[in-house]
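One-letter residues, chain by chain:
Protein chains: 2
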Amino acid sequence: MRIIVDAFGGDNAPVEILKGTADAVSEYGITALVCGDEARIRAVLSGNGISQAGMDFLNAPDVMPVEAEPTEILKSYKNSSIAAGMKALAGGLGDAFVTAGSTGAAVVGASLIVKRIKGVKRPALGPILPNSAGNYMLIDIGANAECRPEMLLQFGVMGSAYMKHIMGVENPRVGLVNIGAEETKGLELQIQAYHLMKNNPAINFVGNVEGRDLPLGACDVAVTDGFTGNIILKHTEGMGKFLSGELKSMFLAGFSSKIGALLLKKSIAAFRKKMDYTEYGGTPLMGISKPVIKAHGSSNAKAFKNAIRQAKNICENDVNDKIAQALFIAKENA
Amino acid sequence: MRIIVDAFGGDNAPVEILKGTADAVSEYGITALVCGDEARIRAVLSGNGISQAGMDFLNAPDVMPVEAEPTEILKSYKNSSIAAGMKALAGGLGDAFVTAGSTGAAVVGASLIVKRIKGVKRPALGPILPNSAGNYMLIDIGANAECRPEMLLQFGVMGSAYMKHIMGVENPRVGLVNIGAEETKGLELQIQAYHLMKNNPAINFVGNVEGRDLPLGACDVAVTDGFTGNIILKHTEGMGKFLSGELKSMFLAGFSSKIGALLLKKSIAAFRKKMDYTEYGGTPLMGISKPVIKAHGSSNAKAFKNAIRQAKNICENDVNDKIAQALFIAKENA
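Protein chains in written order, with numbering that gives the first Met the number 0: chain A, 0 to 333; chain B, 0 to 333.
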């Protein structure tokens, strides 16, 4: 299996990206096609003592900055490392593509260069977030700020396939993010989506889920428009930081507390690991004809390596074929 | 000062409501007009040894259930304790009204019986939530699922008046909840609201705030539509519960951890107090011509007492007059 990687995406590129890629090659038995300025990549590899075993290179001289308009991936930045990776994936030079670059550019590039699975209305970003039951997928979190009801149904179908075949959840419970349990709650979007989802055998729909229910494990796939999803995703991060900060000040509150903190050290490490997004890899871009993984912009080597592992799992489990099949069933029953 | 209370609203009515009211009378030097089935109220007072000093009663035989359609406050439940309280406030029988009953009925009743402040497009619910800087107001959280840009500007103006005059924040920073920092981000609602808010001297607008920024203290007033606000409010509750649960299992993880937990006891109590919504009282219904406070449905005596204290503060500081004045300035500069 060959995974294509964007060497120049994210805050810690290229060093951490290349380290993570080298680790993935040695741990997971894959090969890598590394996209970016080849001379610089080679210099960074040798300068940092990173092995280039199992790596091929695809020279792409430019770097697309995160603040660039996403559509520029087709224009001013068509020779960037991220554009090269998308084209390599579309052209069959590898099995999946992993980038820690701009989310917007990844969505646009994947949609327009790699293309969608047949029948998919819009691709969606589905990160895995921690909750009291373990974790859940929140989909979409920003690929589509505005959505139509049919899109939400498809998000549920795609998310279910991922949770089943990658996360090992037998019959994933799909919830619709809303402001009340009754099917009459919410805006027109939620009311119509509820109706579509309720009657479709392609998903195990458990009804509306409120903001309170998400961290408490009410569903395995939480379906929402990209605006609301983006707020929830970032609020999860912010609450985690806020509450960790409160914990920290608790531990510094007095001598006895410091002893307490020492004794709790092991448990706290386990807690941090649970809250650490890098454990889950990156965010899969659901609905694209070939696997595209958006690693977190602040990915270090470990996070990037985990994103590559995730890409490998998606390939090995034919998740995209399974999504296409489930979408067909969903459409037949719509 | 006389505070009108709904004796039959909330999960713990009437006992906890009456206890909280009695405590407020004795601690804050107010009198209370208690609405509901008078015979039952008197029986509960004497049966529980609760003092009725400082209390008058307004007999209202019915109780409006939370699941009833909010507009029924004007029809089937026009003789309910909550409807009686609204009418008493409108008729000048007291200075403010506090209810732990249905949020929907409180919004409809306040809007149609007590009426809005002149110029207010729509009233809004603005709870105070904890964050790393202390706390902030999130407005709206469900009075209006769908909003227009002018409404968001008014929410910012009303929230600022509250944070300044009740919470003591000198020049409250108003943020617009959005999915990115740039003023071009978001849906049409956010883009237009940004423009209105940016140019209005009635508020100290600090721009867009993302989900991550809210718990980290980026603003004192976070303005949003009621759909998004409701999700954030409940997600705050859910994340608090989830993370407290994780803390608890940390403490039970082993013998050494139990010792750690004992030593940390005091700090944990302080943490819980910070996360406890009952400390802040209830949620003020902003934009109504007289103060209406929606206490949490699960209020105990302490929470209800705090909601009464909050009502008293709003009256003493003439917050409603200040809101009317600020809205006038905002309109002149729109």
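There's no promise every hint is true.
[To be verified] Restricting the straight-line Cα-Cα distance to at most 16 Å, the calculated cross-link-like pairs of lysine to aspartate or glutamate (EDC-like) are: (1) B:K184 with A:E68; (2) B:K273 with A:E245; (3) B:K184 with A:E66; (4) B:K184 with A:E145; (5) B:K240 with A:E145.
[Stated by the list, open to error] Here are some chain A residues pointing at chain B (derived, C-beta under 10 Å): (6) F56; (7) G141; (8) G179; (9) N198; (10) P200; (11) P214; (12) H234; (13) G239; (14) S243; (15) G244; (16) F270.
Don't read these hints as lab results, they were simulated from the structure.
Each residue gets a CB set at the ideal place from its N, CA and C atoms; glycine is no exception.
Outcome of the hint check:
1. B:K184 with A:E68: Satisfied, since the Cα-Cα distance of roughly 12 Å is no more than 16 Å.
2. B:K273 with A:E245: At roughly 10 Å apart (the allowed maximum being 16 Å), A:E245 and B:K273 satisfy the hint.
3. B:K184 with A:E66: holds (13 Å)
4. B:K184 with A:E145: holds (12 Å)
5. B:K240 with A:E145: It is violated: about 30 Å lies between the C-alpha atoms, which goes past 16 Å.
6. F56: Violated, because the Cβ-Cβ distance from A:F56 to chain B comes to roughly 34 Å (cut-off 10 Å).
7. G141: Hint on A:G141: holds, closest Cβ of chain B at ~6 Å, below 10 Å.
8. G179: Where the cut-off is 10 Å and the nearest Cβ of chain B is about 8 Å from A:G179, the hint holds.
9. N198: Not OK, violated: A:N198 not within 10 Å of chain B, min 24 Å.
10. P200: Check failed: Cβ of A:P200 comes no nearer than 28 Å to chain B, outside 10 Å.
11. P214: Because about 4 Å separates A:P214 from the closest Cβ in chain B, which is inside the 10 Å limit, the hint holds.
12. H234: holds (4 Å)
13. G239: holds (8 Å)
14. S243: Since the shortest Cβ distance to chain B is 9 Å, the answer is holds.
15. G244: holds (6 Å)
16. F270: Cβ of A:F270 sits 6 Å from chain B, so the hint holds.
The structure does not agree with the numbered hints 5, 6, 9 and 10 stated previously, though it agrees with the rest.
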